[in-house]
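Q: Produce the entire structure from the sequences given, and follow the hints as far as they go.
Protein sequence lines, in the order shown, are assigned to chains A and B. If you count by the numbering used here, then the first sequence holds residues 1 to 597, one letter each, in order. If you count by the numbering used here, then the second sequence holds residues 1 to 122, one letter each, in order.
Everything labelled a hint here was simulated from the structure, so no lab data went into it. Glycine is no exception: its CB is placed at the ideal position from the N, C-alpha and C atoms. It cannot be assumed that every hint is accurate.
Just the calculated beta-carbon pair ranges, DEER-fashion [to be verified]: (1) K389/A x E86/B: 50 to 56 Å; (2) A390/A x D6/B: 56 to 62 Å; (3) E57/B x R302/A: 56 to 62 Å; (4) E99/A x K110/B: 30 to 36 Å; (5) N94/B x K104/A: 34 to 40 Å; (6) C72/B x V26/A: 31 to 37 Å.
Here is what each chain is made of, one letter per residue.
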Amino acid sequence: MKMYRSHIMICRGTGCSSSNSEQIAVEFENHLKAHGLDKEVIVERTGCFGLCALGPIVIIYPEAAFYSLVKPEDVEEIVKEHLVKGRVVKRLLYAETIEEDRIKSLNQVNFYKKQVRVALRNCGVINPENIDEYIAFDGYKALATCLTELKPEEVIDLIKRSGLRGRGGAGFPTGMKWEFAAKAQGDIKYVCCNADEGDPGAFMDRSVLEGDPHSVLEAMTIAGYAIGGSQGYIYVRAEYPIAVKRLSIAINQAREYGLLGKNILGTGFDFDIELRLGAGAFVCGEETALIASIEGQRGMPRPRPPFPANKGLFGKPTLLNNVETYANICPIINNGPEWFASMGTEKSKGTKVFALGGKINHTGLVEIPMGTTMREIIYEIGGGCPNGKAFKAAQTGGPSGGCIPAEKIDVPIDYDTLTALGSMMGSGGLIVMDEDNCMVDIAKFFLEFTVDESCGKCTPCREGTKRMLEILDRITKGRGESGDIERLENLAKNIKASALCALGQTAPNPVLSTLRYFREEYEAHIRDKKCPAGVCQALLQYKIDPKTCKGCGICAKQCPVSAISGKPKTPYVIDQNKCIKCGACMDKCPFKAISRG
Amino acid sequence: MKSLKDLEEIRKKTLDTINMRKDQSGTRVVVGMATCGIAAGARPVLLAIMDEVEKNELADVVVAQTGCIGMCRLEPIVEVYRPGEEKVTYVKMNPSKAKRIINEHVMQGKVVQDYTVGAEEK
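A: So, in structure tokens, the structure goes:
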């Protein structure tokens with residue numbers, strides 16, 4: 001690669017791409033050329049920087065100038081000022097990065113200060129479509145170490161000593177999983193990667209695949225060596241086109257370099273990887289369903305045991321790990337298991353990537369050591385809830401997880417504390433809710449998702465979750481009955497105990513955890529027919545306070561269904577039978593005479 | 001197929017060119033590139049510096065540019081920041097002088113006294 005004095009890193013992850021970062025990259029290339037700088041400045045398309053709320057993001061080195069919310073029309077100014085004259089364009093810099101007119105180093109900025117990027121180490125730093133850049137930052141060094149210096153059982157021992165646990169949700173010790181697969185008897189063994197990320201609001205696996213695909217390929221090859229497998233499959237969602245494209249490029253480049261295929265690095269070890277695209281069924285993230293889908297069958301789970309480690313893909317011993325789990329493997333081998341185990345808590349080692357979403361200022365991707373508190377994530381890294389609203393709860397683990405209420409905000413996060421709180425780590429989606437969120441409505445949202453995604457094979461999941469949803473729906477429509485809460489709890493208990501796979505067994509969790517911490521909200525819906533957060537439309541009433549109303553008539557003009565009537569200069573009235581509860585009148589009333597309750 | 005040695009070579013070569021994205025602890029060579037600098041010929045100086053850095057495979061050297069340093073009459077100006085040492089300001093640069101600075105100051109740690117702002121001001 002040629003020497004360039006300046007590197008323009010443009011995020012081409014899904015977030016920034018959807019706000020036109022490719023056009024920005026092209027504009028940069030055009031303007032650099034026009035100014036004769038194309039031989040000294042290079043434009044690199046890279047993976048996610050994490051601060052998706054401020055995308056499109058452009059970082060220019062060597063200054064590490066962090067430009068946020070860049071628009072194509074800003075590019076010319078950046079080229080003329082920053083790259084021709086060496087003057088940083090301050091108005092476009094992320095405000096947090098400026099201190100006394102100087103650019104702060106990124107790891108001093110609040111969003112990054114507490115983060116430790118292990119799985120995301122290369123995201124935003126390398127061009128994921130260039131294998132050489134991956135190699136430059138110690139890429140394929142761990143593979144070389146394993147193949148030339150370590151026996152398979154020594155590799156497994158390293159992973160066991162690191163304390164790494166599965167990042168897909170359940171948190172099973174990775175080293176043990178590898179050991180089971182290694183000890184299983186079989187002529188052929190498979191290594192699979194679960195990239196069927198389906199939780200609403202979770203996008204860490206996508207970002208790793210988009211920003212650093214080789215880290216997964218290298219780790220799978222190491223896993224192949226450790227368990228004695230020679231074929232790998234990555235099961236990735238077809239809804240992740242950028243990830244699929246970058247993975248395909250990465251696989252081809254690795255094959256060209258002989259890092260995949262026959263006789264890798266001249267050691268006699270063979271390993272190859274193929275992609276399998278999922279068609280968007282949530283249940284295919286469950287391991288036995290995923291395996292069935294790779295085999296070309298309908299994606300449905302089957303009872304375990306036998307576990308995939310003994311009888312998996314095509315009936316052969318199979319190792320299946322999640323994307324983020326694989327992304328941690330190479331740093332463990334390069335830096336040693338003690339380094340990894342020095343981060344985190346007693347039983348949860350290392351770091352975890354969370355996708356921050358919902359009512360939070362810094363929507364995006366963060367990687368923090370296990371044991372960080374929810375308060376640090378939400379207030380210090382995430383910048384708190386927008387518009388100064390009060391934090392109410394955080395939802396972790398997606399449709400399988402639960403809520404952590406505001407009063408538990410200082411609990412250090414790891415696998416075991418989250419389970420004790422009635423939630424779970426899950427894959428790492430973290431949805432923040434503020435005072436305007438109704439917890440019954442949230443539980444209904446997640447249950448709707450699982451009802452939709454239930455494969456229908458077992459009755460508890462197919463019928464039970466549906467019945468739960470019907471009860472929730474009734475409650476939110478003002479038709480809740482006494483005994484509904486008990487009915488929900490009873491159904492939940494039975495579904496958890498009897499569903500075939502984890503999808504069904506965990507489906508009641510959002511309901512149970514909101515019942516545990518926000519029971520009074522359910523009761524308000526059922527008994528008082530009120531939604532305290534003002535979300536459930538059927539339970540709302542808009543009213544005009546006759547004392548405050550000046551009779552200006554603005555509300556009547558706003559109302560799309562002509563439900564408001566009155567004479568000028570006398571108080572107006574809302575006809576509750578006509579009102580569709582859109583809230584347009586309340587937003588426009590200049591005297592704040594309209595209330596919701 | 002690549003051997004271990006090939007891999008190591010790719011690593012070294014590519015790291016030289018992209019290290020500026022991670023490690024910022026090495027020497028920084030800064031060229032004044034405001035209008036005054038460019039008019040006085042800062043661009044050929046910058047290119048010569050980059051050339052020399054690349055030719056000598058200096059992995060931990062960052063070439064950057066800055067705005068007007070304030071002494072427009074002495075442009076092109078080049079500043080060298082070596083870790084733990086005082087900044088040295090060179091004035092009235094041209095490509096061959098710049099090359100000497102890379103060879104003597106950046107690579108060997110010997111300040112080229114003749115070109116410094118101190119020598120010019122005497």
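Q: With reference to the structure, classify each hint as holding or not holding.
A: Each hint, compared with the structure:
1. K389/A x E86/B: 50 to 56 Å: Since K389/A and E86/B have Cβ atoms about 51 Å apart, the given range 50 to 56 Å holds.
2. A390/A x D6/B: 56 to 62 Å: holds, 58 Å
3. E57/B x R302/A: 56 to 62 Å: Once the Cβ atoms are compared, 57 Å apart, the range 56 to 62 Å for R302/A and E57/B holds.
4. E99/A x K110/B: 30 to 36 Å: holds, 35 Å
5. N94/B x K104/A: 34 to 40 Å: holds, 35 Å
6. C72/B x V26/A: 31 to 37 Å: Given about 36 Å between the Cβ atoms, the range holds.
Violation of the numbered hints given earlier is absent; every hint is satisfied by the structure.
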